[in-house]
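Work out the full structure: start from the sequences and follow the hints.
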Amino acid sequence: MSKLLVSAIGPASSVQDGGRYGAQRYGLTPSGAMDRIALAAANCLVGNAPFAAGIEIGPFGAAFTAREGAVRVALAGALRSADVSGRAVAFDTSMTLADGENLTLGFARGGCFSYLAIEGGIAGEPMFGSLAVNARAGLGSPYPRPLQAGDALQVEAASGAPERRIDLPAAGNRPICVVLGPQDDEFSEDTVRLFLDSEWKVSATSDRMGYRLEGPAIQHLHGHNIVSDGTVNGSIQVPGNGAPIVLMPDRGTTGGYPKIATVISADFGRFAQIPVGTGFHFKAVSMAEAQAELRKLAELLRSLPDRVRDIESFDLNLEALQTANVAGAAVSAIDAGTWQTASPAAARD
Amino acid sequence: MAAILSPPRLLPSGDSAITVEFSRHIDDAENQRVLALDRAVATEAIAGVTETVPTYRSLLVHYDPLQIGFDALSEKLGALAQLPVPPAAKTRRWRIPVVYGGEHGIDLEDVAKTLNTTPDDIVARHIAADYRVAMIGFTPGWSYLSGLPASLQMPRRQNPRLLTPAGTVSIGGVQTGVQCLAGPSGWHLLGRTAVRTYQLHRDPIFLLEPGDRVTFDPVDAKTFAEQDRAAEAGEIVAELMAT
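So the protein lines, in turn, are chains E and W.
Counting from 16, one number per residue, gives the positions in the first sequence under this note's numbering.
Counting from 1333, one number per residue, gives the positions in the second sequence under this note's numbering.
Since the hints were derived computationally from the structure, they do not count as laboratory data.
Quantities reported herein were computed from a predicted structural model and do not represent experimental measurements.
Positions of the beta carbon are idealized from the N, C-alpha and C atoms, including for glycine.
The reader is advised that the hints may include incorrect statements.
Short, incomplete list of chain E residues facing chain W, as computed with Cβ under 7 Å [what the hints assert, rightly or not]:
{"#": "1", "residue": "PRO197"}
{"#": "2", "residue": "GLU201"}
{"#": "3", "residue": "SER243"}
{"#": "4", "residue": "VAL247"}
{"#": "5", "residue": "GLY249"}
{"#": "6", "residue": "THR277"}
{"#": "7", "residue": "MET302"}
Encoded structure:
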């Protein structure tokens, strides 16, 4: 076994996996990764099951150190500067930290959450089949709380497998699709139109329970108290002050505010990555469209292993490299040690 | 002849869940229909249904759209909801010990003042009633009970508290509740129970089921402290009554 030491970490960073489902009827919040595709991509790079536990790193910086042996890891999700002992490393690739080596990460750019997958996963005691941290319920393992500097995760020793990169489709800048309801009839048609036509921003008071939105006030037809009913990831509830809250994986399993719409499953991870203060729009789609998008997402998940290749076999693409540099990635086009940063992901935001 | 039941509304909760809404209000008969549909869905074992969340007025059915579509599942749920409500196989009845007032129930005096009576009378009213677990939600083990006497119904607090203790027994609107974890609440705190409605590493992890009957049994602070120690060690300090 090796250890991955958390040598520095900002708030909102925790061990997350696919989440714990099956006991929402008892009030058990599912938790799990905010951006499941990014977690799955990172896991795929190191040969883990797609929703094995990894480290969800919030918008601030972080640093990790391999101890008592080498550790093989992979990064995906929101881009940020990344270096291993001073040498820039790329997202959407795996890398091996030699014993004592540091991986240092900067602030997230154009996203919120990055995922660090560790070859062999993280040793812990599953609760309801999951290591995912739910701080409010005191659940999660190895620490039932967000990570803190000084935490040490028990992990597998690095296998020495060749390093790999994954080619992910661009996330794009499309509107966030929603299915109206279940309580859109608690709002007038004009109000629903206002909700769909307005530009929204994620408020700084957002967290893993819910993203508060800033935009026009959404008025209710019959007041803001409904008798509580069940919630899902992406439920958009509107409390008394008219500022919608999108429920995230640490949500309450039931809620007592009318829900005007629900973010579709296929767009949930992309929504979770919208940084505070960045404008976006919602778009209403039909149930058939939403479920078709979900099928596409399932297909993408299934295709992840096919999208992985050894780094040695990847053709260096100078044009992509230049694009990445123009986009502000901290690489030098002439430094062969940093060429991996020129992944299509650099242009993903 | 069975009465014709009004059909529930089948509302999309995104692309992977359906809210089967029987009522917009808290209504015991409609809650019975919710729980009956919940049992029927469990019995039917519909392929693609992943879990259900019964509430006062609706059943949230989570499903995998890769296995069953919205229309097909809506049709099945609609048909199941039209079946006559069968009696629950076996109703369990719990007696839950509560230490009322003082530091354990800091709103008891105020509730008594608001309702123009004494704290003892509030306790007497609260323990006289027969409650039913209508739903469990919000946080693990938070049990919402129906059956609060009309004489104890009052609006929630103007200013919700950010932190209320684990085991709090409180009233709010037409409901009374037992919360398991410490957390925010806008309800009036009458007392505390040592009973853990949710406890990891205990069998069962979740004590109460929607549909269970509950009565409260007043205990003194010393008994509460003893029960709290026993409960912490994994003992179920609620009493399961013969039915």
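Hints, one by one, checked against the model:
no.: 1; hint: PRO197; result: 4 Å, holds
no.: 2; hint: GLU201; result: 10 Å, violated
no.: 3; hint: SER243; result: 6 Å, holds
no.: 4; hint: VAL247; result: 5 Å, holds
no.: 5; hint: GLY249; result: 6 Å, holds
no.: 6; hint: THR277; result: 3 Å, holds
no.: 7; hint: MET302; result: 5 Å, holds
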